[in-house]
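Chains A and B supply the protein sequences, listed in that same order.
Counting in this note's numbering, the first sequence runs from 1 upward without gaps.
Counting in this note's numbering, the second sequence runs from 1001 upward without gaps.
Hints in this document: simulated from the structure, not taken from any laboratory.
Do not take every clue at face value.
Stated by the list, open to error - Quick look at which bits of chain B chain A covers, simulated, 3 or more residues with Cβ under 8 angstroms:
(1) 1002-1014
(2) 1025-1031
(3) 1047-1053
To be verified - Computed far set for chain A versus chain B, every beta-carbon distance over 12 angstroms:
(4) Arg222
(5) Leu293
(6) Lys363
(7) Val499
(8) Thr677
The beta carbon of each residue, even a glycine, is placed where N, CA and C say it ideally should be.
Residues per chain are reported as follows:
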Amino acid sequence: MQAVMPAPIPVRPSPAARILWVAIAIVGAFCLGVVALRRGEPINAIWLVAASISIFVIGYRYYGKFIEHSVLKLDPTRAPPSVLRNDGLDYVPTDKWVVFGHHFAAIAGAGPLVGPVLAAQMGYLPGTLWILFGVVFAGAVQDFMILGLSLRRDARSLGHMLREELGPVAGVVAMFGVLVLMMIVLAVLALVVVKALTHSPWGTFTVAATIPIALLMGVYLRWFRPGKILEVSIIGLVLLLASIAFGKTVADSATLAPLFDFDAKALAWLLIAYGFCASVLPVWLLLAPRDYLSTFLKIGTIALLALAIFLSAPTLQMPAVTKFIDGSGPVFQGGLFPFLFITIACGAVSGWHSIIASGTTPKLLANEGQARLVGYGGMLMEAFVAIMALIAASSLHPGVYFAMNSPAAIIGSTVQDAATTISQWGFVVTPDELLQTAKNIGESSILGRAGGAPTLAVGMAQLLHNIIPGGSMMAFWYHYAILFEALFILTTVDAGTRVGRFMIQEIAGLIHKPLQETKSWAGNLLATAICVGLWGYFLYQGAVDPLGGINTLWPLFGIANQMLAAIALMLATVVVVKLKRERYVLVPGIPAIWLIVCTMVAGWEKLSGPISFTAAAQKYAQAMQDGKLLAPAKTPAAMQQIVTNNYVDMALTGLFMLLIVAMLGFSLRALIRAWQTNHPTAHEEPYVALSSVAN
Amino acid sequence: MNRSMQALESGWKCAVQTARLCCGVPDYDAYVKHLREHHPEREVPDYKAFFRERQEARYKGTGGRCC
């Protein structure tokens, strides 16, 4: 049944519109020129903001539209899944701005805030350029195209589409990759929280306080005022702010402070125990209320960060490019290529989004013509969040930035050692400046707080302090920022553990049927224990890691996330050929090839060579043979642990590389077959006119 | 005056709908409308029951189903 579709009539832009777009292009080019070419003197962040906005609107207007009309050939007259399968619950035609808000809230998490902060070690320019061009040509293309494909396939999931278009084995291989990626994501995010809370009674108290607050909200929402989300979230927010204020009293008290003062290992165990409990409790009690709070706080804080940057217009203190582009940087190891492109995943291109873009969003879109706003536009918004995180990190004193993000193994564990080492790198800083920063934010030390969250928190605290001055306000804002990141990371950990549990229960059900029963306590507890054990292993490994954990685990996360993005883009490439639109094959093809090259090179460097897991394992194994102990290990058993951890990471890297090669093989096979066929072979649902079903 | 009030009201409704959707709770009115039009034989749940069902469904890894 092939109905005749009216060809979209290209609308000629009016002269005024043309002048406007030329003006935007000139402004954008000029701002980018200032950002890229001005050397030696610090520039203002507003140049960066203006350049980004210009590039985003031009990308949206021209490249986004090109993909919409030529590559995906989206058709506003075609009935989308929300109309065809309307059930009033999951499939509901919804206002485009409501869908946009929902989609953005679902894709924006901790990722775009952490990656750019870590990448700032190379200066602000490499990260900025990768975010700007990465998002326009790769990230937004991936989100938009997967959304477009899913819209034409009854809003099917990525896994389902992979099975249909590339074959059943390819689908299973990719979904296995997703499960492993999820465990790494949970571990890395939990590690960010551990790093932020180590020996910070104030931070630990406020994060711990979210548990009773959430329980209270859960009970209120269940029995007192069912369904009143806004009301209960306001109550929760007030209690949270009160707990931040009271946190100072806890930190200053000689009796209370030790109760909330933990080292990294203890915090890792606490988080593992917490993750287990939280995911077996009923959702309404802890998870759901915390989810509401963290969702609203996330959107509010992103808006606050934008406001702070616009109002205080900070100067970027980090140089445009630092000497660490050669790969000798302390925050993460490895050169600009490929590690910049691995470190900044979310914000430029993130594989996770392909799961969201083929999840709830396509079930809500009321019209194919709105897919560009949600898919392409939503990702541009996330890139803007990443740019703001980069600005917040680059507006810090570089000395402070490196003191916070470098492992103790490189800069030492006292402010004197740290100041000396960092000053030798050319970022002159005194021990007093480091101490003063710690004092300003109400902490005893800022050293070794890698992971993005604390750096961003200090950056945000300074920006907000510029607007609203006041004696202890900076400490308040710092702990507010820490709390906000910890809150939504812990929500991700809860929800992720639950999803992982269901996945594991499904697999276990294949072996022993009763285990599949999600209401059985034995099956439940067992699957949760396995799931928590998987991410808990990597979390604990990060807590005892010689390089502080983030340095080791973030590349693993980046490789896994970019692997998923490469898989999604390979799917898009194959479908373009299957639709017999071969002339546009490079639109998803080039970013797919780029991500395959980046992940494979990064994977290889992590397997063999000076910065590899193998080299780290061998170094510790050699020392053990010589009967020596290397920091931070204090016993031979701890040494053995580090060796084992590095071998596990090595095996995992190898596994990811194998996955990519396998998926590339499946894609090439499907692609060649489709190229040789002279008619379209993609599995699209037949055309149904919107006018024939809409009421 | 009246028109701007109306615009404000619809804007607020849109914001509430977005906020609820971000938490996995779809539009109740749309669901009731759907039930009345397509499944008149079924009982319409009150907002409390609807909210509880959606809260459970959000964290199941699969969405709730119509039929």
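Hint check results:
no.	hint	result
1	1002-1014	violated (count 1)
2	1025-1031	holds (count 5)
3	1047-1053	holds (count 5)
4	Arg222	violated (8 angstroms)
5	Leu293	violated (10 angstroms)
6	Lys363	violated (8 angstroms)
7	Val499	violated (5 angstroms)
8	Thr677	holds (35 angstroms)
Checked against the numbered hints given earlier, the structure breaks hints 1, 4, 5, 6, 7 and satisfies all the rest.
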